[in-house]
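Chemist: One letter stands for each residue in the lines below.
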Amino acid sequence: MAEQLALSVRGMTKSYGKVRALRGLDLDVRRGEIYGFLGPNGAGKTTTIRCLLDTIRPDGGSAHVLGLDPRRDAVAVHARTGYLPGELHLDDNMSGEGQLRYFNALRGGRASWAYVRQLAEQFDLDLKRPIKNLSRGNKQKVGVIQAVMHHPELLILDEPTSGLDPLMQQVALRLIREARAGGATVFFSSHIMSEVEAVADRVGIIRDGVLVEVAAPDSLGARALHRATVRFHEPVSLEGLLSVAGVRLVSQDDDTHVTLEIVGDMSPFVRALAAYPVRDLQTARPSLEDVFLAAYGHTQI
Amino acid sequence: MLTHFRYTLRRMRGQILGWGVGVALLGMLIIPFYGVFAEDQAQLMAMLESYPPEFLAFFGDVTDTSAMTTPRGFLQYYFFSMVPVLAGIFALAAGSGLLAKDEEHGRLDLIMAHPVSRTALFVGRVLALAAGSMAVVFVGWLGCAIVLQGSSMDIGAGELAMAFVPVLAQIWIYAAMALLLSMLMPAQRFALMVTGVLLAASYILSSLGKLNPNLSAVADLMPYAYYQGAAALSGLDWGSLLGLLAVGNLCVLLAWWRFAHRDIRVVGEGSWRLWFPSRR
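Residue numbers (the numbering used here), protein chains in the order written: chain A, 1 to 301; chain B, 1001 to 1280.
Just so you know, not all the hints are guaranteed correct.
Calculated from the model, a selection of chain A residues having no Cβ within reach of chain B, i.e. all distances over 12 Å [stated by the list, open to error]:
#1 Ile-49
#2 Asp-91
#3 Asp-126
#4 Ala-198
#5 Asp-201
#6 Arg-202
#7 Gly-264
#8 Asp-280
#9 Leu-281
#10 Ala-284
A short, non-exhaustive set of chain A residues, derived as facing chain B with CB atoms under 7 Å [as the list claims (entries may be wrong)]:
#11 Leu-53
#12 Thr-55
#13 Ile-56
#14 His-78
#15 Pro-85
#16 Glu-87
#17 His-89
#18 Gly-109
#19 Gly-163
#20 Leu-167
#21 Val-171
#22 Tyr-276
Pairs of lysine to any residue residues, derived as SDA-like cross-links and limited to a Cα-Cα distance of at most 25 Å, are as follows [said to hold, decoys possible]:
#23 A:Lys-132 / B:Arg-1258
#24 A:Lys-18 / A:Gly-32
#25 B:Lys-1101 / A:Asn-93
#26 B:Lys-1101 / A:Gln-118
#27 A:Lys-132 / B:Arg-1010
#28 A:Lys-132 / B:Gly-1106
#29 A:Lys-18 / B:Leu-1208
#30 A:Lys-132 / A:Arg-117
#31 A:Lys-139 / B:Arg-1258
#32 A:Lys-132 / A:Gln-118
#33 A:Lys-139 / A:Ile-192
#34 A:Lys-128 / A:Gly-183
#35 A:Lys-128 / B:Leu-1009
#36 A:Lys-139 / B:Gly-1106
#37 A:Lys-18 / B:Arg-1258
#38 A:Lys-18 / B:Pro-1186
#39 A:Lys-18 / A:Arg-30
#40 A:Lys-18 / B:Ala-1187
Read the hints as simulated data drawn from the structure, not as lab findings.
Built from N, CA and C at the ideal position, the CB exists for glycine as well.
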């Protein structure tokens, strides 16, 4: 079983002073899968990743990456891993190419430069431009390329699509799928539910430093949270809407203007709403924090 | 390790050139003046004797002002007494920023995720720091040696090189202390500030210690007290040199231990608690 796991974490704890970032994290990622690590900001995603890469040391618990202890065999783990940090900072005085050649030199020149150029073309990235002249999105492209250019066995990506425009987000997600198709395991963190749903085989949900659930991406859709603001032509009774399963009243300005929260499938709500004199309807997907509050409430885990 | 060495040295090239040329320019401005002073020694002596001893103390030995009129004395008083302070600023910036700068800018996190051990990274960068320090001294020496050829001083380039060896020892100890403090303190700027104060205090206390015996006990703890300057033209003080080298190397060793055992910071992290070793 252990050799089928790309990542294995048991009871990991990590504190920054009085702040307990990880509070006994247990995590298993199978080889060859795309594992989405989902959680709101401050949940412990980045701390987990940095412990797995031995850039920070956990206070307790154990971790195995590709069967190796990252504390004892950090160099071997890093040789087989590609990493994209959540907050990418590159050397402003280098060009994109210079930066990538430096990272490649650190890996003993394992990457094929033809592949690097191909990736740069896919991302529409000019490697000759100095890093300091690149936009945040273009810097992120350099970051994604350095993570995948040596065809790692394990990709650890912290918010990989951060800063990319929607088109380039799709390119990045396609690269993730391609890496998996090539046999790699992908562990990526995100706080964007739709992104995780789109590519992950399994999703781990972390909150307050503890893994609260491991689920199939499809099941996330079933509990997707929507917020609907409805304006009616005339005062109405909301009984018919609130009797629909998963619908909750958030606020009511007067009898003609309400905000509702709908968990799961929207269809029953839309059908019930058809019976009302609707003047205007606006829907939005709330933040992951709101989804978490709806799913897990305010209880301390 | 070679990649780290090359990368670090490449990034330091501006600093090396800037401070090296700075030291060279100081020498190139001072050395030609010896001919003028040598022609009118009586006037020079009268001027020196009019200076208060507290002022002369900053230029070296105050017991014998006549020594200032010799080539060795002239170089000591007007050039070598100041060079450790000038080159010391390079040492503070280069030493404190060797790892902490990349760390505070969030770059070290990604570098450390590559297949390089902390020790290899540390050693590669420290070797680059040592090479950079030597390069600063070399550029400084080269500029002075060129001007020396056309001066009336009877000092060869080889002899002059000997006088730069104690300068290198001073650079090394300040760079090593700045590196150690940057590993212990939560921010590079604190390390820079503390070693900067130490550099200034070392120069002032060691200079005034020659006049006030009460200060000499404190001054003896300062690196500048073990600086030979132009006295090295007539032979190196190996005891002082090896002592400074040993203390510098001890600082580097402690910095390595700290770096190997602590969390790598990213942007916005860092607190005074980092001093305490992990309980694990």
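Chemist: Are the hints correct? Go through all of them and say.
Modeler: Tested hints:
1. Ile-49: Label violated. Min Cβ-Cβ 9 Å, cutoff 12 Å.
2. Asp-91: violated (6 Å)
3. Asp-126: Holds, since 21 Å exceeds 12 Å.
4. Ala-198: holds (26 Å)
5. Asp-201: holds (24 Å)
6. Arg-202: holds (24 Å)
7. Gly-264: A:Gly-264 clear of chain B: closest Cβ-Cβ about 38 Å, beyond 12 Å.
8. Asp-280: holds (43 Å)
9. Leu-281: holds (42 Å)
10. Ala-284: Check passes; 31 Å lies beyond 12 Å.
11. Leu-53: Because about 5 Å separates A:Leu-53 from the closest Cβ in chain B, which is inside the 7 Å limit, the hint holds.
12. Thr-55: Given a least distance of 4 Å, the restraint on A:Thr-55 holds.
13. Ile-56: holds (4 Å)
14. His-78: At about 4 Å, which falls below the 7 Å cut-off, the nearest Cβ of chain B leaves the hint on A:His-78 intact, so it holds.
15. Pro-85: At 5 Å from the nearest chain B Cβ, A:Pro-85 passes the 7 Å test, so the hint holds.
16. Glu-87: Interface hint status for A:Glu-87: holds (6 Å vs cutoff 7 Å).
17. His-89: holds (4 Å)
18. Gly-109: violated (10 Å)
19. Gly-163: Since chain B brings no Cβ nearer than about 14 Å to A:Gly-163, farther than 7 Å, the hint is violated.
20. Leu-167: violated (25 Å)
21. Val-171: Check failed: Cβ of A:Val-171 comes no nearer than 21 Å to chain B, outside 7 Å.
22. Tyr-276: At about 49 Å, which exceeds the 7 Å cut-off, the nearest Cβ of chain B leaves the hint on A:Tyr-276 violated.
23. A:Lys-132 / B:Arg-1258: Not OK: A:Lys-132 and B:Arg-1258 at ~32 Å, beyond 25 Å, violated.
24. A:Lys-18 / A:Gly-32: violated (37 Å)
25. B:Lys-1101 / A:Asn-93: Distance ~14 Å between B:Lys-1101 and A:Asn-93 Cα, so the pair holds.
26. B:Lys-1101 / A:Gln-118: It is violated: about 33 Å lies between the C-alpha atoms, which goes past 25 Å.
27. A:Lys-132 / B:Arg-1010: holds (17 Å)
28. A:Lys-132 / B:Gly-1106: holds (15 Å)
29. A:Lys-18 / B:Leu-1208: violated (47 Å)
30. A:Lys-132 / A:Arg-117: holds (20 Å)
31. A:Lys-139 / B:Arg-1258: Given that 25 Å is the threshold and the Cα spacing comes to 31 Å, the pair is violated.
32. A:Lys-132 / A:Gln-118: holds (23 Å)
33. A:Lys-139 / A:Ile-192: Holds: A:Lys-139 and A:Ile-192 sit about 20 Å apart, inside 25 Å.
34. A:Lys-128 / A:Gly-183: It is violated: about 31 Å lies between the C-alpha atoms, which goes past 25 Å.
35. A:Lys-128 / B:Leu-1009: holds (22 Å)
36. A:Lys-139 / B:Gly-1106: holds (14 Å)
37. A:Lys-18 / B:Arg-1258: holds (22 Å)
38. A:Lys-18 / B:Pro-1186: With a Cα-Cα distance of about 17 Å, the restraint between A:Lys-18 and B:Pro-1186 holds, given a limit of 25 Å.
39. A:Lys-18 / A:Arg-30: Violated: A:Lys-18 and A:Arg-30 sit about 33 Å apart, past 25 Å.
40. A:Lys-18 / B:Ala-1187: holds (20 Å)
Violation of the numbered hints given earlier is confined to hints 1, 2, 18, 19, 20, 21, 22, 23, 24, 26, 29, 31, 34 and 39; the remaining hints are satisfied by the structure.
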